[in-house]
Amino acid sequence: MVTELIDPSVYEALFPEGITRYAVGGLFVGLGAAVIYFGTGIIAGASTFLESTLSYVSDQSRFQRYRYDRDWRIVFTVGIIIGAAIYGVFWQGELWTTDVQPARLLLGGLLVGIGTRIGKGCTSGHGVCGVGSASKTSIVGVMTFLIVAIGTAQLVMALGVKP
Amino acid sequence: MSGPDSQAQSPLFLPLVLVGGILFGFGLGYSHMARPEVVLDFLQFSDFGLLFVMFGAAIVTGLAFGLIPRLRTSAPLTGQEYTRRLKSFDKNVLVGGAIFGVGWGLSGICPGAAYASLGIGNITILWALVGMFAGAYLQGVWRSSNYSNN
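So the protein sequences, as listed, match chains A and D.
Here the first sequence is numbered in the numbering used here, starting from 1 and rising by one per residue.
Here the second sequence is numbered in the numbering used here, starting from 164 and rising by one per residue.
Chain D with its partners taken away, still in its complex shape (with noise of 0.2 Å):
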C-alpha cells in the first residue's frame, strides 16, 4: 500500500498519521465500539446501533475516496496517487472471513476496536490482543511455508 520510503516523504507524515489514528479512535471510544458488550448486544439483536457505526464510517470515506481524487492528483506528504480499497476476490476472502466471524461473534471483538479499548482503560481487553497476535502469527508462519510467492 506504501512504498519504502513513504515514511521519509515529510516530517509531517507520522504527525498526521497520529491525529487520524486519534481521530479514529475517540470514534471508536465515543460509538462504545471499544467495548465488547456492546458489538454483541448488536450480533444478539438487542441494539441495532452497530450499524450506523460502520455505514456511517464508510460514507464518510466514500466521500472522501470520491472527492479527493477530483481536488488534486496525488497525497500532499508522501507524491503518493490517490486510489480506491480495491482487493481480488478469492476463496481467502470467504474463508478468513468466516473464520473472522466466529473470533467476533464469540468475542465481541475486533482488532481496531481492541486497541481502542485498552484506551478506554479495558485491561482485559489484553488477552483478546495475545490471542489476535498469536493468531496472526500462526497464519503468517503457515502461510509463509505454504505460499512463498504471495
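So here's chain A without its partners, still in its complex pose (with noise of 0.2 Å):
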C-alpha cells in the first residue's frame, strides 16, 4: 500500500528493511499490553521495573511505594524475556549480540534509569500506552525524548563514534 503511493527509491532509502516486521512487531507489543489491560485493568510500562525491582533490596521511600507492584513487574519482565527468546529461537536461529560498545551500554543504561523514572514513562509507558490514551503529558514526553534522542544519535556519529 505504502509502496504503491510513493517512489519506490524513496520507500527504500526510508525504509530498506521494509515495514512488515515493524508494523507486526508493533501490533504484539500492543496486543500484549491490551491482554495486560484488559485482564487487569493495569496499564503496563516497562520502566516502573527497575524502581519496583529496587524496592526487595532498598529501603527508600522511592522504591517502597512500588512493593505491592514488584512481583507482577517481575513476571511481566521475565514474559518480555521469553516472549523475545521464542522470536530468537524460531525466527532469529541464532544467538545474536550487539556491536554497540559497552561504554555507550553502560552510560547510555545510566541515563535511562535515571530519565525515565524522572520523566514519568519510557517508550513503552509514554510512547506506547500514554500515546493510546491520548495524553498530553505523554505526547509531549514523547516528542521531548524523540527529539532529543535524534540529536544526540546524530551528534554521535557527527563525532564518528563506531560502534
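The reader is advised that the hints may include incorrect statements.
[Claimed, not checked] What follows is a set of in silico ranges between Cβ atoms, one per label pair, in the way DEER data are often shown:
#: 1; chain 1: A; residue 1: Glu12; chain 2: D; residue 2: Leu226; range: 29 to 39 Å
#: 2; chain 1: D; residue 1: Leu214; chain 2: A; residue 2: Asp99; range: 18 to 28 Å
#: 3; chain 1: D; residue 1: Asp253; chain 2: A; residue 2: Ser61; range: 17 to 27 Å
Treat the hints as calculated values from the structure; they're not laboratory data.
Even for Gly, the Cβ is constructed at its ideal location relative to N, Cα and C.
Fit chain to chain and form the complex, with the hints in mind.
Below, the structure written as C-alpha cells:
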C-alpha cells in the first residue's frame, strides 16, 4: 500500500528493511499491553520495573511505594524475555549480540534509568500506553525524548563514534 | 496503579501478566527493537521503521483503552476499574524526557527493549541493564531525600 503511494526509491531509502517486521512487531507489543489491560485494568510500562525491583533491596521511600507492584512486574519482565526468546529460537535461529560498545551501553543505560523515572515513563509507558491514552503529558514526553535522542545519536554519528 | 490486593485477586493474575509480557516481548524481538543498532538506525535517519512499531502499538492500545471500558466496567481478574494512562504534567516530564533522550540516543536501548534483548541472546546488553538499575537507584535515593512526600 505504502509502496504504491510513494516512489520506490524513496521508500527504499526510508525503509530499507521494509515495514512488515516493524508493523507486525508493534501490533504484538500493543496486543501484550492490551491483554494485561483487559484482564487486570493495569496499564503496564516497562521502566517502573527498575524501581519496583529495587524495593526488594532498598528501603528508600521512592522504591517502597512500588512494593505492591513488584511481583507482577517481575513476571511481566520475565514474560518479555521469554517472548523475545521465542522470536530468537524460531525466527532468528541463533544468538545475537550487539556491537555497540559497552561504554555507550553503560552510560546510556545510566541516563535511561535516571530519565525514564524522573520523566514518568519510557518508550512503552509514554510512547505506547500514554499515546494510546491520548495523554498530552505523554505526547509531550515522547516529543521531548525523541527529539533529544535524535540530536544525540546524530552527534554521536558526526563525532565518528563506532560502533 | 494497582492496590495492595491486586496480586491476591485471582490465581490467573500472574499467568495473564506473563502471557501479556510474552506477546509484548515477542513484538520487541520481531520488530528488531531489541537490537540497539536498529534503534540507532532510526535515530540516525537510515531506517524509519521504528515509527511503525511505536505508533502501531499505540493504535492497538488506543483501541483497547477505548473499547474495553465499553464492554465491561471492571477488570475480571482484579475488579479494578478501567482507566486511561493520564499522568500530570510538570517540568519533570521535560527534564526526565531529555535525560532519557540523551541515554537512548547514546545507547540505542530503552528498558523494555533491553529486557527483550536478553531474550534474543544479547548478553552484552547487561551493561545497559546495570546502568539502568544504577540510574534508577541514584534518582530514587536523591528524590527520596528531597521530596519525601512525592
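Each hint, compared with the structure:
no. : hint                             : in the structure
1   : Glu12(A) x Leu226(D): 29 to 39 Å : 31 Å, holds
2   : Leu214(D) x Asp99(A): 18 to 28 Å : 24 Å, holds
3   : Asp253(D) x Ser61(A): 17 to 27 Å : 19 Å, holds
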